[in-house]
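Chemist: Chains S and R are the protein sequences, given in the same order. Residue 92 in the UniProt record's numbering sits at position 92 of the first sequence, with consecutive numbering throughout. Residue 73 in the UniProt record's numbering sits at position 73 of the second sequence, with consecutive numbering throughout.
In case anyone wonders, no lab produced these hints; they're calculated from the structure. Do not take every clue at face value.
Unchecked claim - Which residues of chain R face chain S? A few of them, derived with a C-beta cut under 7 Å, are:
{"id": "1", "residue": "Asn52"}
{"id": "2", "residue": "Leu54"}
{"id": "3", "residue": "Asn77"}
{"id": "4", "residue": "Arg80"}
{"id": "5", "residue": "Ala81"}
{"id": "6", "residue": "Ser89"}
{"id": "7", "residue": "His95"}
{"id": "8", "residue": "Ile108"}
{"id": "9", "residue": "Val109"}
Said to hold, decoys possible - Each computed DMTMM-like pair below joins lysine to aspartate or glutamate, with the alpha-carbon atoms no more than 20 Å apart:
{"id": "10", "chain 1": "R", "residue 1": "Lys96", "chain 2": "S", "residue 2": "Glu233"}
{"id": "11", "chain 1": "S", "residue 1": "Lys106", "chain 2": "S", "residue 2": "Asp53"}
{"id": "12", "chain 1": "S", "residue 1": "Lys150", "chain 2": "R", "residue 2": "Glu55"}
{"id": "13", "chain 1": "R", "residue 1": "Lys19", "chain 2": "R", "residue 2": "Asp58"}
{"id": "14", "chain 1": "R", "residue 1": "Lys107", "chain 2": "S", "residue 2": "Glu66"}
{"id": "15", "chain 1": "S", "residue 1": "Lys150", "chain 2": "R", "residue 2": "Glu56"}
{"id": "16", "chain 1": "S", "residue 1": "Lys218", "chain 2": "R", "residue 2": "Glu56"}
{"id": "17", "chain 1": "S", "residue 1": "Lys106", "chain 2": "S", "residue 2": "Glu127"}
{"id": "18", "chain 1": "R", "residue 1": "Lys160", "chain 2": "S", "residue 2": "Asp79"}
{"id": "19", "chain 1": "S", "residue 1": "Lys150", "chain 2": "R", "residue 2": "Asp58"}
{"id": "20", "chain 1": "R", "residue 1": "Lys96", "chain 2": "S", "residue 2": "Glu222"}
{"id": "21", "chain 1": "S", "residue 1": "Lys245", "chain 2": "R", "residue 2": "Glu100"}
{"id": "22", "chain 1": "R", "residue 1": "Lys5", "chain 2": "R", "residue 2": "Asp22"}
{"id": "23", "chain 1": "R", "residue 1": "Lys78", "chain 2": "S", "residue 2": "Glu233"}
{"id": "24", "chain 1": "R", "residue 1": "Lys96", "chain 2": "S", "residue 2": "Glu313"}
{"id": "25", "chain 1": "R", "residue 1": "Lys114", "chain 2": "S", "residue 2": "Glu233"}
{"id": "26", "chain 1": "R", "residue 1": "Lys111", "chain 2": "S", "residue 2": "Glu233"}
{"id": "27", "chain 1": "R", "residue 1": "Lys107", "chain 2": "R", "residue 2": "Glu119"}
{"id": "28", "chain 1": "R", "residue 1": "Lys118", "chain 2": "R", "residue 2": "Glu131"}
{"id": "29", "chain 1": "R", "residue 1": "Lys5", "chain 2": "R", "residue 2": "Asp68"}
{"id": "30", "chain 1": "R", "residue 1": "Lys96", "chain 2": "S", "residue 2": "Asp217"}
{"id": "31", "chain 1": "S", "residue 1": "Lys73", "chain 2": "S", "residue 2": "Asp57"}
{"id": "32", "chain 1": "S", "residue 1": "Lys83", "chain 2": "S", "residue 2": "Glu65"}
{"id": "33", "chain 1": "S", "residue 1": "Lys218", "chain 2": "S", "residue 2": "Glu233"}
{"id": "34", "chain 1": "R", "residue 1": "Lys5", "chain 2": "R", "residue 2": "Asp65"}
{"id": "35", "chain 1": "R", "residue 1": "Lys107", "chain 2": "S", "residue 2": "Glu233"}
{"id": "36", "chain 1": "R", "residue 1": "Lys78", "chain 2": "S", "residue 2": "Glu222"}
{"id": "37", "chain 1": "S", "residue 1": "Lys218", "chain 2": "R", "residue 2": "Glu55"}
{"id": "38", "chain 1": "R", "residue 1": "Lys61", "chain 2": "R", "residue 2": "Glu82"}
{"id": "39", "chain 1": "R", "residue 1": "Lys111", "chain 2": "R", "residue 2": "Glu100"}
Don't be surprised by glycine CBs; every beta carbon is placed ideally from N, CA and C.
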Amino acid sequence: MLKDVKKNLIWYIALVAVILATAFGAMKMTERINYEWYWGRVPQYFVFSGDEDQFADGNGEAVIEEIDMDQSKVILEYDNGEKDTLILLQDSLMIEDGDSFSEGDKIGAIHVVRTGILIEGLITTLELSLYSGIIALIIGLFIGLARVSKNPLFRGLASIYVEVIRGTPLLVQIFIFYFFVGTVLDFSRFTAGTLALAIFAGAYVGEIIRAGIQAVDKGQMEAARSLGMNYMEAMIHIIMPQALKRVLPPLAGQFISLIKDSSLVSVIAITDLTKAGREVITSTFATFEIWFTIAGMYLVLTFTLSMIIRYIERRFSVSD
Amino acid sequence: MIDIKDICKTFYVGETVIKAVDHASYHVDQGDVVVIIGPSGSGKSSFLRCLNMLEEIDSGKIVIDGVDLTDKKTNINKIRAEVGMVFQSFNLFPHKSVLENVMLAQKIVRKRSKTEAKEIGMKLLVKVGIEEKADAYPNQLSGGQKQRVAIARALAMNPKVMLFDEPTSALDPEMVGEVLDVMKSLAREGMTMVVVTHEMGFAREVADKVIMMDAGQILEVGDPEHFFTNPTHKRTQAFLSQII
Ligand SMILES: Nc1ncnc2c1ncn2[C@@H]1O[C@H](COP(=O)(O)OP(=O)(O)O)[C@@H](O)[C@H]1O
Ligand SMILES: [Mg+2]
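Please put together the full structure from these sequences, using the hints given.
Modeler: Encoded structure:
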């Protein structure tokens, strides 16, 4: 690596120069349209930290004990005998010890630290990708097996599935799945979105696995069968392990695509990372900052995944 | 032991029809070593592969140890477990160690316990002289070693018959001997063997019968001496003069 840097020093310098020039160019362009950058608005959508007002649920009397300089323990004794205990900020208190209050009165405020909508969106995107990825892998395994099967029924059905899914846009599939299948079977948005993505990715995973199976030398199946294993036993013990090892890199690519494609489910009002970004923009107008942030967050997800896969590949390649 | 009656195997490649096996009949006795010779493309492999149904025959009948292979009720996997096969290209399982290669089918097909499979596996690896490589993976072995493991793997099923399809053709010349030695000792133990090979030394030493195949047909049958001294057919003479 170091030797390489020395040898190609000039090119590495050029690389850095091009990157810097691109960044500078982008900056200059935004200057031309007079865009005001407010990066400061972004962090609160990762972690929200602030005061949140608390209101009484009914009529009653308050007992207030001071805990320390900043906080007080407020016990709301409602007329119906129930009690609420709140820890409120000293400065925010609207009533004093022994005061009575009525329903809807503001009592004070508490300090909250909450994950922001971007983190929630990120988690939703992760869940979507994880669940649909797992289902896609299962679908893909069966489709891959069906595609190389000698049985015309399995082979035919699998081909039709793959052709239909690969021949139509994912966006359209999501709509059909949500409005038609989802309504008929009464799916939640999240379920509909997850399944639509899984069925989409499953077709591609199936093709990858089919190619992997077909890349295993024919002699392997013959050797296994000549030992008396049946077709399924040979597939499970001999063909699949070799095929799966081979398909790891294209499979990784497919899962990275899946993470990115999951952004399309925001059209059926699932608050994934992309939808979260859109919502933040409507309240902040920090269009550029948010989209760059969203892009960065997707990049973190996909890059982490490629790193994990690379690690697994290295572990795998030890055996040969 | 093996009764082959008038079998045919045809391949269709596009427009062309290839009669790989064309009305071949033969009978292999228990304990016989039969060597098949013949020019490339004469149907030797196809003939052999019909014997364990790696190729399905179009017509004719094969009966092994009293079991009719063409009978619909016959469980083909059961037959295959009784008929070991050794390939020219070894076909070891690359993701399994040498010992696992020999153990796997024992566990799956013969339903042997792990300890039993391991014990039998090690015994066979000793027999083919490769026990010190038990934990190695196939790609760490030489061609001769691979083929010996492949033989052990087939023997682990306790087959009644062993089929060999040019087992030494892919080997460097210096490794041919070690594989032939294993096969010879098998033959002397009384294993029924059908061997496609051009190693005429092997044929002379252990073969009971030699079959000359040509264009999918069995052209000439005789004991090894017959082929060395006075082969009948012109094609056999021409072929032998090329390989000896
Ligand atoms: N799977 C197959 N598909 C099409 N043709 C085949 C196949 N296997 C063998 N053949 C053809 O059958 C003929 C006999 O082949 P083979 O049995 O391999 O002969 P040999 O082993 O004597 O060289 C050849 O012409 C070969 O091209
Ligand atoms: Mg051949």
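Chemist: Go through the hint on His95 of chain R and say holds or violated, using the shortest Cβ distance to chain S against 7 Å.
Modeler: 5 Å, holds
Chemist: Given the hinted pair Lys245 of chain S and Glu100 of chain R, is their Cα-Cα distance within 20 Å?
Modeler: 18 Å, holds
Chemist: Is Lys96 of chain R close enough to Glu222 of chain S, meaning Cα to Cα at most 20 Å?
Modeler: Judged against 20 Å, a Cα distance of about 16 Å means the pair holds.
Chemist: Next pair to validate is Lys218 of chain S with Glu233 of chain S; report whether the Cα-Cα distance is within 20 Å.
Modeler: 15 Å, holds
Chemist: Under the criterion of a CB-CB separation shorter than 7 Å, is Ile108 of chain R in contact with chain S as hinted?
Modeler: 5 Å, holds
Chemist: Lys118 of chain R and Glu131 of chain R were given as a pair; does the straight-line alpha-carbon distance stay at or below 20 Å?
Modeler: OK: Lys118 of chain R and Glu131 of chain R at ~12 Å, within 20 Å.
Chemist: Given the proposed pairing of Lys96 of chain R with Glu313 of chain S, does the C-alpha separation stay at or below 20 Å?
Modeler: 17 Å, holds
Chemist: Going straight from one Cα to the other, do Lys160 of chain R and Asp79 of chain S come out at no more than 20 Å?
Modeler: 93 Å, violated
Chemist: Below or equal to 20 Å on CA atoms is what counts here, so check Lys218 of chain S against Glu56 of chain R.
Modeler: 16 Å, holds
Chemist: Given the hint that Lys73 of chain S pairs with Asp57 of chain S, does the C-alpha gap stay at or below 20 Å?
Modeler: 17 Å, holds
Chemist: Quick check on the hint: Asn77 of chain R CB to chain S CB, less than 7 Å?
Modeler: With a closest approach of 5 Å, the Asn77 of chain R hint holds.
Chemist: Take the C-alpha atoms of Lys5 of chain R and Asp22 of chain R, compute the straight-line distance between them, and say whether it is at most 20 Å.
Modeler: 11 Å, holds
Taken one by one, the earlier hints fail for this structure at numbers 14, 17, 18, listed in ascending order.
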